[in-house]
Structure formats: structure tokens, C-alpha cells
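Single-letter residue listing:
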Amino acid sequence: MTPDETGAPRTAHAAHEPRIAPLGDAALTVVFGERIDAALGERVRRAASSVRRAAAAGAIAGVVDVVPAYTTLVVHYDPLAVEHATIAARVLELVRALPDAADGVVDAPRHHVLSVRYDGPDLDDVARRCGLGVREVVERHASAEYRVELVGFVPGFGYLAPLDPALVLPRRDRPRRAVPAGSVAIAGAQTGVYPLTTPGGWHLIGRTDVALFDPARAEPALLRVGDRVRFVPSA
Amino acid sequence: MAPTIVVERSRGYLAVQDLGRPGHRADGVPPGGAMDRLALRLANLLAGNVGTAAALEWSVGESVLRLARDTRLAIAGAGARATLDGETAPLWTSIAARAGSALRLEPTPGGRFCYVAIAGGIDVPIVLGSRATYLPARFGGHEGRALDAGDALAAGAPRDALPAEGAAIPESLRPAYDSAAPIRVVATAQAELLDERGWRALLGEEHRIGPGDRMGYRLDGPAMPPRAADALPSEGACAGAVQLPGDGHPIVLMPDGPTVGGYAKPAVVIGADLARLAQRPIGGAVRFARVEVVEAQAATRRAEAKGEELARYLRELAENDIRRSR
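The listed protein sequences correspond, in order, to chains A and B. For the record, in the first sequence the residue sitting at position 54 is 54 according to this note's numbering, with numbers rising by one throughout. For the record, in the second sequence the residue sitting at position 93 is 1093 according to this note's numbering, with numbers rising by one throughout.
Hints are computed from structural coordinates only; laboratory data are not their basis. For clarity, every value in this text was computed on a predicted model and none was experimentally measured. Cβ coordinates follow ideal geometry from the N, Cα and C atoms, glycine included. Wrong hints could be hidden among the right ones.
[What the hints assert, rightly or not] Pairwise CB distance ranges, derived in the manner of DEER restraints:
#1 A/H111 with B/A1161: 20 to 26 angstroms
#2 B/K1306 with A/E145: 50 to 56 angstroms
#3 A/A61 with B/G1283: 39 to 45 angstroms
#4 B/E1143 with A/L80: 30 to 36 angstroms
All chains should be modelled from the sequences, with the hints used to inform the complete structure.
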């Protein structure tokens, strides 16, 4: 085993001990594991909550942004306020102090219900490719409770999982140059809503009027990692 | 509010920028802000502003700005030649411009971004803590977009103590954009996703700046395909990240680049060198060198100390000028 730069031994599966490495000189990445799994994602979210709370309480200096993802947590910081070695050690301490058992997420997830007009331009095509009727596609999409796994790529875009396996399709071969804001879409094992009009390669199955991103709001992005989302077909 | 500056012509890119909006990456909002942060800060100091004021970021296309009022301004960066009513307007200099005068910027080789700072700063609404324009989501700056002919902008109230007219940053203290020194990178947690041959190609060979914009610059040159291109879960990214799509042609993320991504990022350009990379023209050569994070952060601290020294120098010029005039 080779020690990582904080001196902790690096094991092949990193079951309990994450490794930390610089992400440039103003951020670091905490790697919790190599493959997506639900327990790992939960651990990342709890670590993110812990770092955010510690930063808000002044218990860790220099933190600017905390970005959880499937298997990693990126902490952006001010390199003029703190050096890498110092903040990496602090983050590792916070992560080590997390309880092993999932005894509740530190930040309670919010639950969102989004009303959707299931009339997207790809709905018929999705139904055909999945060997299902349109109604069944809608029922399967709308009957699930999704978790926000990741936010990013464009402001307010939440990657929602798990999508019903019967609806799993690869992305479109030819992305659209402009997917309208509010489009409800699926690709791979995930679903999501486009917060803005942007290019996109997911299959469009509906539209929602809910604003997933508004820079004028106190909380500009509606979705946070760990939140739960349900879709409801509108009349 | 009465305008201070009116865009008469904008053949390239012109937009309001400041030092950006860090603190919102968890919402998918990248920090954005000036591609060359030091040049923006110095232009501001020369115009009598705090370094963080909003200015105009200009790139690669002839622009003409009409000053509607007597004002103090400064231009800093690379890749432009400026004239004020036809007379050469030196960069890196505090310039008094009279109402009605026209400032013209033309592209020159050797750089890409210049900053035009106006005393008082550009006054546009603050969105998510900043006046920077975020074009992909169309918010911030002036109506969330690049400026066009006919756009009129107001400036804030100038501060009392402006630098002396003609105060300039000496050439020896300006950023060395044409330096042949390699762009330094730090290896990341994904360093092993690039094999030895790939690292030798990244560090040992010359690359050329390919097409790009404020979200990222593509690099042309040797291909560096990453291991396991398909299976990576997305994770947090940052400006300077050297992303490797499956085809092996790197894309270096810039300040408006996405906050997360699924491409391998074995290396990140250090903060102190990102502006120099951003200022490289398309087709320009670039080499990379790997450093440890300790050295990268030392470079950041040195750059900041140098910026503070320049700010002090300009303040002393202003004070000396005030004393002399008493």
C-alpha cells in the first residue's frame, strides 16, 4: 500500500478511508470510491453536509464551495487563506468523524413535486423503442421517487435517479441545438429537467412550468443533491 | 442613470465582467469572471477603482466606445492597440478622456483579452453577488449578453483619489504574456487515468491552442486518450482542469466552464498561470510542466504580493501628485 499525501495508507477499495488529492491549487477532491452505489452516494452527501456546516460555523477556514457527486466530494477554497495540506487534513478529520451508520442525512432532503405535461417530442419514439405504450411510459416515469444525485453541468440541472430500467435508452445520436427550458428528459438510467434553453442530447418526454433555476431567487437552484423529486402528470 | 459609455461598434466580443461569483458551484453556477483577472484588477486600479469593480472585457474584434462624459479610464491586457480620438492611447496607463471622445480597440497578435476600466466601475445590477456576465445562462452583466452597437452603460461614482493622469505600470512590472515558460499543472486524483505515454505527451511535447471560448480551450497536438474513457461518474471540475475526452484532445476548462463533468481530468493548470494560457492566441504554442501543489500555491501568493505592490505604487503616485499640487 502506498501512503497518500496525508500520510494515510491508500487501500484498493477505500471502504472507510477516502483519499484526498489536489484539484489544482484552489480545490481538492475527496475520493470515496470508484463505482457508483447508493451507500457511497449517501456517505458523500453526509460528508458534504459536514464540511458545509463546519465552514458556516467557522470550524474550517477558507472554504468557498462544496460540490458532492456520485463518488467524490470537491471542496473549493481560497488558496490565499489556507494551504492545501492544512485544508486536506481538516477535511479528512471531518470525514473520519462521520458516523458509520446512515443515521440520517445531516441536511434533511427536501421533497419536490413537479407537474408535467407529458407531451414531449420524443415521447412516442421512447415508447416505441422501449416496447411500451405511451401511457405506460408516463406511468413508469411518474410513479417513481427520484433522488438528486448531482447538480451541475448547467445551473440548476439535477441528475435524477434511478430511472425505471424499462425506460433506459442511450442518449440521442444527434443532440438538439436548443432544448426548451422546462423540458423533462431521460437518458441512460437518469432523468432530469432542463433549467435553461441549452443544447442537449436527452430524450424529451414532457414539459414543466416550474423554474428550476432563477438567478434572482434567494436560492437560485431549486434542486440540491440528496433532495427527492416526483413528477405528476398534469391534466 | 445618464450613460457614461456608449458602444458604437463591436465586431468581436465585448461584455461586462468582474472577478466573478464563486460560492455557487453547488447550484451548477461556475464562478466566471475575467479570463485575465490580474489585467482586470490593474485596469481598475489605474482607473481609480477597487480591483473588484466591473469593467469591459474585450476580445479579438474592433470596438469603438464613445465616452458620454469626462472620465478617467485605463486599458490593460494583451492583444489590442487602442486610440482615443485617433491618438495612440497607451495600455497600462491612467487616461483622462473628455466627453464625446471615442476609444477604439483593434486586435493585434500576441494576446486575446483586454479590459477597459472606467472610473466608478461599470454599473449594472448585481446578480448572485457579481456583475459578471454569464453568457450560457444569459444572466449578469448587461442583460446577460455580450454588448452590441447602441448599448449604453452607466458608471458608478468615481472615488475621490484617482491616480495621477498618465500614471502607468512600468513595462517591467506588467505580466509577461509572451513568456515561453511552460504553463504549470498540478496532478489530480485522476492522474493515473493518463498513462505514462500520455503524461510524456502532455508534459514533453508542444501543444497548440485550438478553438475555444470562455467555457474552455481545446488543445491541438498529440492525442492523449485516457484510460477508461466511458465509465467515469461525473464529478466536480474547476477552471484550469485539463479534460480528456475519449478522442484524447484535451479541453482546458475556463472560468465559464461547467462545474461538473464526466471526462478524466488528470491535471489542472495552476491559478497563477491560467491567465497566461487564456491570453494565448489561437494557433499559439504552449508547453506544460508538472509542479506540486505547494509550489503552485507559492506562485499564487507571489502573484498576489506583486499585485499588492503595484496597488501601493499607484496609491503613492496619487498621493505624491496630491502633495505636489498643494
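For each hint, the structure was consulted:
For the pair A/H111 and B/A1161, the beta carbons lie near 54 angstroms from each other, so the given range of 20 to 26 angstroms is not met. Between B/K1306 and A/E145 the beta carbons are some 54 angstroms apart, a value that agrees with the proposed interval 50 to 56 angstroms. A hinted range of 39 to 45 angstroms for the beta carbons of A/A61 and B/G1283 is consistent with their spacing of about 43 angstroms. In this structure the hint that B/E1143 and A/L80 lie 30 to 36 angstroms apart at CB holds, the actual value being about 33 angstroms.
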